[in-house]
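Student: Here is what each chain is made of, one letter per residue.
Number of protein chains: 4
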Amino acid sequence: MTPSLSIEESRPLAAEFFKKIGLLTGGGDCPGLNAAIRAVVRRAHQLGIGVFAVYEGFKGLVEGNVAPFPLRQASGILHVGGTILRSSRFNPFKSKENLQALRQEVKKRGLQGLVVIGGEGSLRLACDLTRKKIVRCIGIPKTIDNDVYGTDVTIGFQTAVNTATEAVDKLHTTAESHNVVMVVEVMGRHTGWIAASAGLAGGADLILMPEKRLNEESIRRIILNRHARGKKFSIVVVAEDARVVNNRGRVVVSMPTSRDDYGPIKSSGVGEGVARLIRRLTGFETRVVVLGHVQRGGSPTPEDRILATRFGVLAAELAAKNKWNRMTAIRNGKILSVPLNTVTGRIKKVDPGLYRLANYFFG
Amino acid sequence: MTPSLSIEESRPLAAEFFKKIGLLTGGGDCPGLNAAIRAVVRRAHQLGIGVFAVYEGFKGLVEGNVAPFPLRQASGILHVGGTILRSSRFNPFKSKENLQALRQEVKKRGLQGLVVIGGEGSLRLACDLTRKKIVRCIGIPKTIDNDVYGTDVTIGFQTAVNTATEAVDKLHTTAESHNVVMVVEVMGRHTGWIAASAGLAGGADLILMPEKRLNEESIRRIILNRHARGKKFSIVVVAEDARVVNNRGRVVVSMPTSRDDYGPIKSSGVGEGVARLIRRLTGFETRVVVLGHVQRGGSPTPEDRILATRFGVLAAELAAKNKWNRMTAIRNGKILSVPLNTVTGRIKKVDPGLYRLANYFFG
Amino acid sequence: MTPSLSIEESRPLAAEFFKKIGLLTGGGDCPGLNAAIRAVVRRAHQLGIGVFAVYEGFKGLVEGNVAPFPLRQASGILHVGGTILRSSRFNPFKSKENLQALRQEVKKRGLQGLVVIGGEGSLRLACDLTRKKIVRCIGIPKTIDNDVYGTDVTIGFQTAVNTATEAVDKLHTTAESHNVVMVVEVMGRHTGWIAASAGLAGGADLILMPEKRLNEESIRRIILNRHARGKKFSIVVVAEDARVVNNRGRVVVSMPTSRDDYGPIKSSGVGEGVARLIRRLTGFETRVVVLGHVQRGGSPTPEDRILATRFGVLAAELAAKNKWNRMTAIRNGKILSVPLNTVTGRIKKVDPGLYRLANYFFG
Amino acid sequence: MTPSLSIEESRPLAAEFFKKIGLLTGGGDCPGLNAAIRAVVRRAHQLGIGVFAVYEGFKGLVEGNVAPFPLRQASGILHVGGTILRSSRFNPFKSKENLQALRQEVKKRGLQGLVVIGGEGSLRLACDLTRKKIVRCIGIPKTIDNDVYGTDVTIGFQTAVNTATEAVDKLHTTAESHNVVMVVEVMGRHTGWIAASAGLAGGADLILMPEKRLNEESIRRIILNRHARGKKFSIVVVAEDARVVNNRGRVVVSMPTSRDDYGPIKSSGVGEGVARLIRRLTGFETRVVVLGHVQRGGSPTPEDRILATRFGVLAAELAAKNKWNRMTAIRNGKILSVPLNTVTGRIKKVDPGLYRLANYFFG
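Chains as they are written, first to last, in our numbering: chain R, 7 to 369; chain C, 7 to 369; chain P, 7 to 369; chain B, 7 to 369.
These are computed hints drawn from the structure, not numbers from a lab. Hints are not guaranteed to be accurate.
As the list claims (entries may be wrong) - Have a look at the derived ranges for each label pair, beta carbon to beta carbon: (1) C/Gly-339 - R/Asn-221: 47 to 53 Å; (2) R/Asn-338 - B/Gly-359: 41 to 47 Å; (3) C/Arg-78 - P/Arg-286: 50 to 56 Å.
What the hints assert, rightly or not - Distance condition first, Cα-Cα at most 16 Å in a straight line; then the derived EDC-like pairs of lysine to aspartate or glutamate: (4) B/Lys-340 - P/Glu-222; (5) B/Lys-355 - B/Asp-158; (6) R/Lys-340 - C/Glu-217; (7) B/Lys-340 - P/Asp-158.
To be verified - Covered stretches of chain R (in silico footprint by chain B; criterion: 3 or more residues with CB under 8 Å from a CB of chain B, positions within the stretch not fixed): (8) 81 to 95; (9) 198 to 210.
Predicted model only: the values in this text are computed from it and were never measured. Ideal placement from N, C-alpha and C gives every residue a C-beta, glycine not left out.
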């Protein structure tokens, strides 16, 4: 029987949990994960659901790195960045042994389901685990990239925009004091959400992002027009996966892959290519800043804390009602849930209206 | 003829303005006003509309404190708090002479309309000026209180929540180090928007706001329960207009009016009353902090900058299309406009769902 | 034998502690306490000294709220405000029983001495305990008020100045947008250190503090002169214990004591008095903001973290060398120690040069 | 005759300036320049000295980009980063024509001297101009690198440390959530001031800087020891000019020069080399973040504002007293001036005590 969701009735249930779930965070960390963890644990407790902490993502489930999550450990973490559950990029489907170990751990702990806080990759794993009847999952979308399909906003995005905008603000005075073109490379593996938002909020004079390939001539014209109007500096915000094409449509700037024997290390990327290009096109002095991992850190903004809290509360309520295979989402300002399988395998691109808006302020 | 709104076509028009509008900010200041001003001026310029700066709100229109607003003055203000147009609380309807002076100024400058950035009071004046055919207005809603009807969010609100949440974060460590009940009074003349949001984001153990009258017994129980669970400190967030009732429903704490010969000066308010009450009810040590005007200041958050930019762009486009008597709004995540006369004379109360959400984390 | 202080030699000692000390924080909390705690514990550990955590100040020593402080608990707290040892205002000399209990706890735990992190009050207790041979102490000075004698700076002061300056920055835009005189009351029980520093850093047009009694006429003249120069707003920073005299030298504004049956609650104070006075003297509109406990909170600035770390390291080294009855200090940029008994019973007033500097920017 | 420095007597003089000076900012920008500019202009005005704004450093003096600096333009800039006078890296000694033009501009404007706010390069030019009797100068030291000899602190340093420490704080949660070694490259062309200070304040587990060449073995040991103690993540702060040597003393990591046809563009630097090295030495996963120009920006901290104000006031007073060829300085907490020629041609290295302090917290 589905428990009543009213707080008054549910509390008595807490003494003896009628249901147990696991809770994990997968993929890259971002601000707001702990806020979501706190919300899942507190609301679950009120609803009579016992929560088990699964450490280091799906890896923890395979390795048996699992422990009961006492209520008091969910205290004092709302404002803290990172994830107290730690995280990993680990795919249990890569080996039969792992999958078997995961299955046994779920059984051993008596978990009726999992709440998976993750980006597109982790949510796909959650979906597959549910579909293959290994363990039923509920997903909570998080990523500073904001590219998860099916929800307008993901946990972590707004804080990352905040961090990037503060950096753009700081770079403004240097650009202005020295008459340079300042190129700021922000994160965004497949989409330009941070670039478009922080660019708009930071008053960028040009924004480059994957969704909108600009050619050299447009870039040259925008920067030179600005110069002609007496503005001797510019701020250019570039998503890490942006591309620039020449007048024949050939890509002239993209993100070079950088590897050594120990795997990929982020190196000179698209930002530097854009800086060189603008220098060649306009003759102006350029500087480049790559914000990098700083965008993943920091205390979550109030918006992120509230979003994470809403998602966490809803996930616990879905688990209480046995509504598995769902992802929490915010759509048109409403909190709701969508089928997990409808959101995986695709990404959410930047709203053209947002880019058009930014475009009004270019040059 | 209505101009095309595409940026490419509209620019040639800018050389000779086919239309002139006035732009003013009324009522209390808040973060994001300059971002809205910049957006109105830049987009209007692209659409061939000349903008006149009206200084110090409606007073400037009566006193002829009006001047052309050159494009370059809208530069470099996106991130700056306050309003470069300054503001005032001034009602031109209070005297016939004033109204006549206003009418003449509008005529003299050849203004086809006004863009009024204001809260409920200024928007009502804008509505009355339109209705009485004195000058046609478009409204842009702003107030840290977020109580303007017809829009889900107003300019300034999110930055105020940010400021209040940061303060709550700071007070947490003191409360915890000293085992005290810390009462934080935030702004909110008629509604508890800041209290509910900053309380939720700051992890408040109790939130008091006008929309939800709590009685002494509930308050006592929440604080004592928390103590019983081993938590020896509490954070209580109180909206300035909250009320507490006793068990017979009589109001025991409200905001005392404070005046001297020179008019009202904000003094000891509801926060102090709540602190005394909790002390009496529980015997615990209490402290009170009144955040006050700090909540109106600071650089707007990215969210506020983007919202203000969207509202400003839309207001300029409405003016270009002669769509007067409208207010820009955001509803369910969409930017749109609503009739000005449908939003005045009422206030928007806190969504019960938001308060219920906070309630899950009380005690 | 005194251990060598070089890190290489000292580490082997750590395995078996040759000495044990207690560590406590007393009085009001402030940012940087945890940074000092971490430094004492880590350096003591390297020097072969075992540290016992004493909770809630001297009260913990009386009540036996004492436990070994493992090294790993000193991890991850450098940037966190408040004190993980909690604090209290407790005087063990008020009862013979308490003093006896304290003596027994020290004996029972085998503590050779105490490190007391505190303000003037706690340092005096530390001095008395040493002098009366109850337990030998080393003091580390902390207080946002910066009024401890014998050191140029105390832990917490610089972060409080940072917080107060940020608030003054935020209030600037409101003052300017509305043409008001904004009065900001900052902490400073006996001295104007925060007022002078945050006033200077925030560009205050007038600063009032205990060390410098201004008369009404000077205040009136400064504000009116400014107005005459076309500046229609002013920022006035006031220390909570400032006084204003009239032309005959009689005090006309001071801090009213505010009490109820449950003891003192901070209420309308000197800030409000100054706002009323300026209104009466000039006729200008005024607003008042009382920053309050927010000044005690937040993550310590780098300066405070480094100062606290230096003090903590030195305190551990003094304990290792049996140099008791000393207080760590910074004088003319050098870290050193001074006899504890030479610093108690007096306060350090604001350097007149600092006030004169601020004075150049008044009006 | 030297004017009296008391504010009361000096004001009457302001009406007709008895002396004229130029004011410029040279080299890279940093937070606090505007605070210094404001202080020079306001104090000079009180002392009866007229100030001319020289734009874009020494270049402005050669090109005649010079204008009277009205008092009101020094208003509202105290908290703003960058420099309203703009800056350049320009050496007038490189051509006889330039030097002649500079000489003529000084004569034409009737400037008795210059106040030069700059780093080591600009201060050397100021010294040479004085020595060769072209124009007498007073220097104010500024650089985020803090490497100017003769002063304990330069303008901009403390804000840069603040920015770098905030970044280290943000990276902590990511490092911890993912068990990685996070390498943070901070600025510091010849010295490790930012690295040592932000590393200490941010709780770095290892700091690499030019003043202290570590060998591979020490680095390996520190990281592995930490791991052995159960800490699975590390923060390594690296100055951009740090070097690592192998066990035979050969440099294995240094800053690679990076150029294209349009000149040097900052690319993969020492941070990346260190990340690769640690990976090779320990097998742990590493990440690298290069903070870059963000460190030059932002609103100055209160400390920087007060330091800049003190330096600016003293520079104006030195000019009033005809004390040329001096640089303002802070030594052992005291504000004073030193002969300009004693500070150029050398750099100030990191205090070994500061590094030793940080060392206590390594691993």
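Student: Can the region 81 to 95 of chain R be counted as covered by chain B under the rule of three residues or more with Cβ-Cβ separation shorter than 8 Å?
Tutor: It holds, with 7 qualifying residues against the three required.
Student: Starting from R/Lys-340, check that the Cα of C/Glu-217 is at most 16 Å away, please.
Tutor: violated (21 Å)
Student: Can you tell me whether the CB distance of C/Gly-339 to R/Asn-221 sits inside 47 to 53 Å?
Tutor: violated (32 Å)
Student: Three or more residues of the region 198 to 210 of chain R near chain B by CB distance under 8 Å?
Tutor: violated (count 0)
Student: Is the hinted pair B/Lys-340 and P/Asp-158 satisfied, with a Cα-Cα distance of at most 16 Å?
Tutor: holds (12 Å)
Student: Can you let me know if the beta-carbon spacing of C/Arg-78 and P/Arg-286 is within 50 to 56 Å?
Tutor: For P/Arg-286 against C/Arg-78, whose Cβ atoms are near 42 Å apart, the range 50 to 56 Å is violated.
Student: Are B/Lys-355 and B/Asp-158 close enough, with their CA atoms no more than 16 Å apart?
Tutor: The given pair, whose Cα atoms are some 10 Å apart, holds under the 16 Å limit.
Student: Quick check on a hinted range of 41 to 47 Å for R/Asn-338 and B/Gly-359, using CB atoms only.
Tutor: violated (59 Å)
Student: Given the hinted pair B/Lys-340 and P/Glu-222, is their alpha-carbon gap at most 16 Å?
Tutor: violated (33 Å)
Hint compliance for this structure: hints 1, 2, 3, 4, 6, 9 are not met, and every other hint is.
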